[in-house]
Amino acid sequence: MRTDEPLPAVEEALAALATGLWHWDTATGLVTVDAEAARLLGLPAEQVSLTEAQARARLHPVDWNEITGVIQLAVAEGTLAEVRVRIMDEQGRIVRVVRSRSKPSFDRARKAYRMIGTLQEVTEPTPGTPAGRSAVTGDWRRSREAFLLDAGRALAEARSTHEVLRVTANLSMPGFSPDGLAVFGVEGDRLTIIGHHGQQQGDDSPFSDMALDTDYPAAEVVRTGRAVYLSSPEQYQARYPLTWPLAERFGRRSWAFLPLTVAGRTMGAWMAAFTYPVAFTPDERSVLATVARMLAQALTRAGVAESERALTDGLQRTMLPRLGPQRIPGMSVAARYVPTGGGLQVGGDWYDVIPLPSGRFALVIGDVQGHDVRAAGLMGQLRIALRAYASEGHRPDAVLSRASRFLHGISDEDPFDPRFATCVYVEVDPTTGVLDIARAGHPDPAIRMADGTVLTRPTSGGLPLGIDPDADYPTTRLALESGETMLICTDGLIETGGHDLDSGWRRLRAILEAHKGDLEELADTLVQAVHGPSSHHTTGPLADRREDDIALLLLCREGEGCGCGDTVLVPAPVRRTMLTVAQAEPERVAVARQQLRELLHDWSSPDQVDSAVLLLSELLTNVLVHTDSDALLVAEITGQVGERRLRIEVTDAGDDLPHKRRPGELASSGRGLVLMELLAHAWGVDPRGEGKSIWFELYESVDGSGDGSWSP
Numbered sequence: 036m037r038t039d040e041p042l043p044a045v046e047e048a049l050a051a052l053a054t055g056l057w058h059w060d061t062a063t064g065l066v067t068v069d070a071e072a073a074r075l076l077g078l079p080a081e082q083v084s085l086t087e088a089q090a091r092a093r094l095h096p097v098d099w100n101e102i103t104g105v106i107q108l109a110v111a112e113g114t115l116a117e118v119r120v121r122i123m124d125e126q127g128r129i130v131r132v133v134r135s136r137s138k139p140s141f142d143r144a145r146k147a148y149r150m151i152g153t154l155q156e157v158t159e160p161t162p163g164t165p166a167g168r169s170a171v172t173g174d175w176r177r178s179r180e181a182f183l184l185d186a187g188r189a190l191a192e193a194r195s196t197h198e199v200l201r202v203t204a205n206l207s208m209p210g211f212s213p214d215g216l217a218v219f220g221v222e223g224d225r226l227t228i229i230g231h232h233g234q235q236q237g238d239d240s241p242f243s244d245m246a247l248d249t250d251y252p253a254a255e256v257v258r259t260g261r262a263v264y265l266s267s268p269e270q271y272q273a274r275y276p277l278t279w280p281l282a283e284r285f286g287r288r289s290w291a292f293l294p295l296t297v298a299g300r301t302m303g304a305w306m307a308a309f310t311y312p313v314a315f316t317p318d319e320r321s322v323l324a325t326v327a328r329m330l331a332q333a334l335t336r337a338g339v340a341e342s343e344r345a346l347t348d349g350l351q352r353t354m355l356p357r358l359g360p361q362r363i364p365g366m367s368v369a370a371r372y373v374p375t376g377g378g379l380q381v382g383g384d385w386y387d388v389i390p391l392p393s394g395r396f397a398l399v400i401g402d403v404q405g406h407d408v409r410a411a412g413l414m415g416q417l418r419i420a421l422r423a424y425a426s427e428g429h430r431p432d433a434v435l436s437r438a439s440r441f442l443h444g445i446s447d448e449d450p451f452d453p454r455f456a457t458c459v460y461v462e463v464d465p466t467t468g469v470l471d472i473a474r475a476g477h478p479d480p481a482i483r484m485a486d487g488t489v490l491t492r493p494t495s496g497g498l499p500l501g502i503d504p505d506a507d508y509p510t511t512r513l514a515l516e517s518g519e520t521m522l523i524c525t526d527g528l529i530e531t532g533g534h535d536l537d538s539g540w541r542r543l544r545a546i547l548e549a550h551k552g553d554l555e556e557l558a559d560t561l562v563q564a565v566h567g568p569s570s571h572h573t574t575g576p577l578a579d580r581r582e583d584d585i586a587l588l589l590l591c592r593e594g595e596g597c598g599c600g601d602t603v604l605v606p607a608p609v610r611r612t613m614l615t616v617a618q619a620e621p622e623r624v625a626v627a628r629q630q631l632r633e634l635l636h637d638w639s640s641p642d643q644v645d646s647a648v649l650l651l652s653e654l655l656t657n658v659l660v661h662t663d664s665d666a667l668l669v670a671e672i673t674g675q676v677g678e679r680r681l682r683i684e685v686t687d688a689g690d691d692l693p694h695k696r697r698p699g700e701l702a703s704s705g706r707g708l709v710l711m712e713l714l715a716h717a718w719g720v721d722p723r724g725e726g727k728s729i730w731f732e733l734y735e736s737v738d739g740s741g742d743g744s745w746s747p
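The sequence shown begins at 36 in my numbering and counts up one residue at a time.
Treat the hints loosely; a few may be bogus.
Claimed, not checked - Okay, derived cross-link-like pairs now, EDC-like style, lysine to aspartate or glutamate, Cα gap no bigger than 20 Å in a straight line:
id	residue 1	residue 2
1	K727	D663
2	K138	E156
3	K146	D60
4	K138	E222
5	K551	E516
Calculated from the structure, these hints are not laboratory results.
Work out the full structure: start from the sequences and follow the hints.
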C-alpha cells in the first residue's frame, strides 16, 4: 500500500482480520452482531439482531455470568472489558473459544449499560498469562448448576404471574433453549392457558378451553402427573394424531410437557417447544423437571400474593370514599391513601368528605391503632359512625364525643385488645372559608398561604377516641383565605422514612413551599416525596422506624396563587395569620410567638424578627393582665420582598386606653409602650365601639438595617 492511498473502511479491516463487531444495549435488550460475529456465534454469516436470551443461548452459562461481572468492573474502573467465552451449539457442545473486548458505559438516565465490542476466535491461552488466568473452564454439570441457580433466584424474586411468565420466557437453558413456551392451568374439568410466549396473539385460542380428557399432551400430563417428551414431529403425530394438526402449524421440531406440581397436587402443565430436534437426554430432562418444579412454586406464591392484593383492593374500595367529580363551590379537595405495603396492606387510616344538612361539608381524617384485620374493621365501623353523627347535624365537638363513646363501647368487646383512634374533624363553610376544627390526639393541620408560606396551625384537642367515653373535644375556629390550602394527614406522611414529628414537618414544609402545580399534583408530590424511590435520600433520625400507612386530605379555597383551575401561581401581596388568646389559656402566648416566627421565616433582618416577637409578647400579656377579655391577634405582611411591611394588631374588649409611663428601676410593668416607641417604626392605639386595638409596624429593608425606609 502506498502512503498516498486511503485507509480501508473499518468493516473491511475487521473482516480481513476475522474480527466480528457487536453492540449490546441493555435498555432495549437487543444484541446486534455483524456477519463475522454471527459466524463466530454459530449463526448464518449475516448481520442480525438477537434478544439477550438468544445471545445467551449461544454462550456457555458459566461464561455469561463472568461477562456480566467483568462489564460492571470495567465500568467502575473505566477500563476495557475483556473476557474469553465458549460458543455452544444446539446439542450443548463447545464449537470454539472466542475473545471479546469491549468498552462499556452506563447511562444513568436510562439506568442501562451500552457496549460496543469485538469478537475473535482464539486458541487455548498460555498458562500464567492474563488471558490464561481468565480462561473459561467447566463442563455440562457446572453449566447446569449455574443455570439452575440463576433461574431459581429470578423466579424467587417474581411477585406476580406476569413476572413469573416473563422470567420463564427469558431463561436461557445451557445449550438448548426453547423458543415457544406455554403454561396451562386447570379450572374444573377444563384445561386453560395461563400465559404463553413465542406465539402470536390469538394462537392460543384452540387450547384455551380444552377438556381434560382430550388427546393432547398437556391434558395427559395433568391427568397422570407424568411428563411427556416428544423428540420429533413424527413422534408427536403418532402419539396424538387428533391434536397434531393444531400443533403442526407452529413449525416446531421437539416438545417437552412437564407437570406443575405443588404439595403432591398437579396444578397445571408447562410446555417447552423447540425449532430444532432435541434428544431429551437424562441431563436435559433433569434440567427441565427442576425448572418445572421451581415454576410451580413461583406460580403458587404469585397466586397467593395476587389474592392478597385483590382482597386489599376490595377492602380499600369498600372502606374508603371516592371523592369523584363532586363540586364544592369555591373549593377544591384532593385525597390520597397509601398502605404500608406489608401483610394485608390495609391498616386503620381513613379519610372522608361528608356533606352536611346545613349546606356546609366536613373533612375527616383518622388512624385506628394497629395494622391488621381488626384495625381495618374498626376503621370501617368508626367511619360509618362519624358519617352518621355528622349527617345528623351535630357540631364538631359533639361528633367526636359521640364517636369516642361508640369506639369505647365496641373496643370493650375484646378487653385483651383495646384499641383507640386519632382523628381530626373539620367543618368547612365554603362561602366564608371558616373552618371549625375538633381534634382527637391527631397532628395539627398545616396551612399553605397564597405566596407559598407554610404554617402549622395549633388547635385545641382532646384524648384519642375510645380512651375516655366522657372526653371533651374543644373546637378551634380558623379562616381559610382565598388562595390558601389546608393539609391534614395521618402521622404516616410525617414519619415515613424514620422521621419524627419535627423533622417530618420540616420535610413537608419544604415540599409544600416549593410546589407550583394544582392540588392533585401536590397530593402526588407529597406521597412521592415520602414514599417514592427517592425517599431514602431524606431519612430521618429514627432510621429503623417501621413504615406506616399514609392518608392525606388537601382543601384549597380557590383564588389567585393556589394553582387550582385556571388560576396562575403568582406571589400574593398579603400574608396574614389570626389567633385568639383566651384569659384561661395564657400558654397560647407562646403559640402566638411561634406563629409569628413562622410567618417571618424569610424576613431579611433577624433582629427585627426578635423585636416583633418581643413586642407581640408584651401586647398579649398586657391584655391578659390588665383586662378581663380575650385577645385577638392579627399579623399581616404586605409588599414585595425586601420592602415589606409587618403590621401586628392586638384587639381586646377593655375600655381603658394604655398610657406611656416611665417605670422605675425595680418596677415589674409599664415598659410595653416604651419598647414599642424604641423598636417599632410606627405604632398606635385605636379605640373601637367596644374595646380597643393596639398596633405596631416594622418595615423591611434589603440590607437588614431596618432604617424605616419603606414607603407605602
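Against which earlier hints does the structure fall short, listed by number upward? Structure breaks hint 4 only.
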